[in-house]
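> Here is what each chain is made of, one letter per residue.
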Amino acid sequence: MSQPLRVVHFVNQFFAGIGGEDQAHVGVSVRDGVVGPGRALQQALGADAQVVATIVCGDNFMSERPDEALAEIGSALSRLRPDALVAGPAFGSGRYGLACAHVCRRAQQQGIPAATAMHPENPGATSFRREVVILPTGESAVSMQSDLARVARMALRLARKEELGPAELEGHLPQGKRRSHDRGRPGWQRALDMLSAKLAGRPFTTEVPYNAPEQVRPAPPLADLTRATIAMVTTGGLVRKGNPERQSAANAVRYHRHAVTSLESLTPEEWEAFHAGYFNHIVNKNPNYILPLSFLRELETDGRVGRVHEHIYALPGVSTPVATARELGRAIAEDLKHAGVDGALLVAT
Amino acid sequence: MISAIYNFALTTGANRVVRGARIEHVCGDPSLGPEKDHAYGMRIVTTALEALTTRVASPTLFDPLAPGPAREAVHAS
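For the protein sequence lines, the chains are A and B, in the order given.
Note that our numbering has the first sequence beginning at 760, numbered continuously upward.
Note that our numbering has the second sequence beginning at 759, numbered continuously upward.
A hint or two may mislead.
Stated by the list, open to error - Covered, in the sense of this in silico footprint (three residues per stretch, anywhere, with C-beta under 8 angstroms from a C-beta of chain A), are these stretches of chain B:
(1) 769-778
(2) 781-791
(3) 798-811
Claimed, not checked - Derived, one-sided and incomplete: chain B residues facing chain A with beta-carbon distance under 8 angstroms:
(4) MET759
(5) ILE760
(6) SER761
(7) VAL814
(8) PRO825
What the hints assert, rightly or not - Covered stretches of chain A, as calculated for chain B (at least 3 residues, CB under 8 angstroms):
(9) 981-994
(10) 1101-1107
Please keep in mind that the hints were generated in silico from the structure rather than gathered at the bench.
Quick caveat: nothing in here was measured; it's all calculated off a predicted structure.
From the three backbone atoms N, C-alpha and C, an ideal C-beta is built for every residue, glycine too.
When you get a sec, could you build the whole thing from the sequences and use the hints?
Written out as structure tokens, the structure reads:
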């Protein structure tokens, strides 16, 4: 192979030097050769590959008009016919990270191997790590040089159609792929090796990594319930009868807010559950089992609770990726905070 | 958070967890008959409100069925 491999680089408006947030609306453009961090990418690729073009797109353009942006990028890639695409690195930037992941996915759909890099908590990584080869970076661009060197190595391997080994060895974020592989020693021996290493205080690498849940600092207690506004949220998939808002039965991508100011209770004539994760028939006879409006109204009338919040919140809490659930939870919490709610009861089925 | 699978809520980091009845009927139990069902549901909801007024430092279970002070610190590590 005397001809150098052809690499196309994708960057956003900021790294292309067009501008920051004020220029995030700019559409797709294609430049010859390297732009911005592309220079360091070219250096890292060396003589084996050449950055033949750079595709630029504004973060907002991509997040607001993804179909249009990706169609343009797709036809540019068909024209350029690269051996590999490199996107980013996007570091901790959420919209840019999502854009990089989308562009990589588009390239792969067209048969072009692709790699990107970003912080593991970037929504681009949490949403697309299974589909796209993503190398982990820090949150900021200080490590640009070394990150680009790693992406360049990965891009070269992918461009040469080399098969990747396990993520823990290759260094990219695990994609959840399982392949038969001989580790040399049987499982019980490896387990005992790990146990003795642990007991002796020696380092060892687990074969079943544990994803520790996020620690949230507990909210301070309410001082006086009789003056507090209390809201209710359910993951039980509560919908208006007949599901007119077409809530999904699983894998929620949005939450539903309903006004209950005029209601004393949730009646089965007006409400029901639509949730793929449990038998809904009992809730369909008494929806207050998953959203206890009737009880809270009684306590409000007795003066034991200050006020029941005017809206209730519902979604089906089943098969939802943690990243999505976290965003939905954050959005509901923001809405409650904005409305001056003091406390919330979350009923989880 | 009111949940029948309260252990799951505790180990995934919810700070104030109230033990619900069953997955299919978290705030009450229709098999008890209307009166006892209502009392049980009310006990669950008032326990949840009590949880909101209680200071906690880590995931803590509030059990509506437990006699006396209805809480127990659970260290989910």
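> Determine for every hint whether it applies to the structure shown.
Consistency of the hints with the structure:
{"no.": "1", "hint": "769-778", "result": "holds (count 6)"}
{"no.": "2", "hint": "781-791", "result": "holds (count 7)"}
{"no.": "3", "hint": "798-811", "result": "holds (count 9)"}
{"no.": "4", "hint": "MET759", "result": "holds (5 angstroms)"}
{"no.": "5", "hint": "ILE760", "result": "holds (5 angstroms)"}
{"no.": "6", "hint": "SER761", "result": "holds (4 angstroms)"}
{"no.": "7", "hint": "VAL814", "result": "holds (5 angstroms)"}
{"no.": "8", "hint": "PRO825", "result": "violated (21 angstroms)"}
{"no.": "9", "hint": "981-994", "result": "holds (count 5)"}
{"no.": "10", "hint": "1101-1107", "result": "holds (count 5)"}
This entry does not satisfy hint 8, going by the numbered hints stated previously; all others are met.
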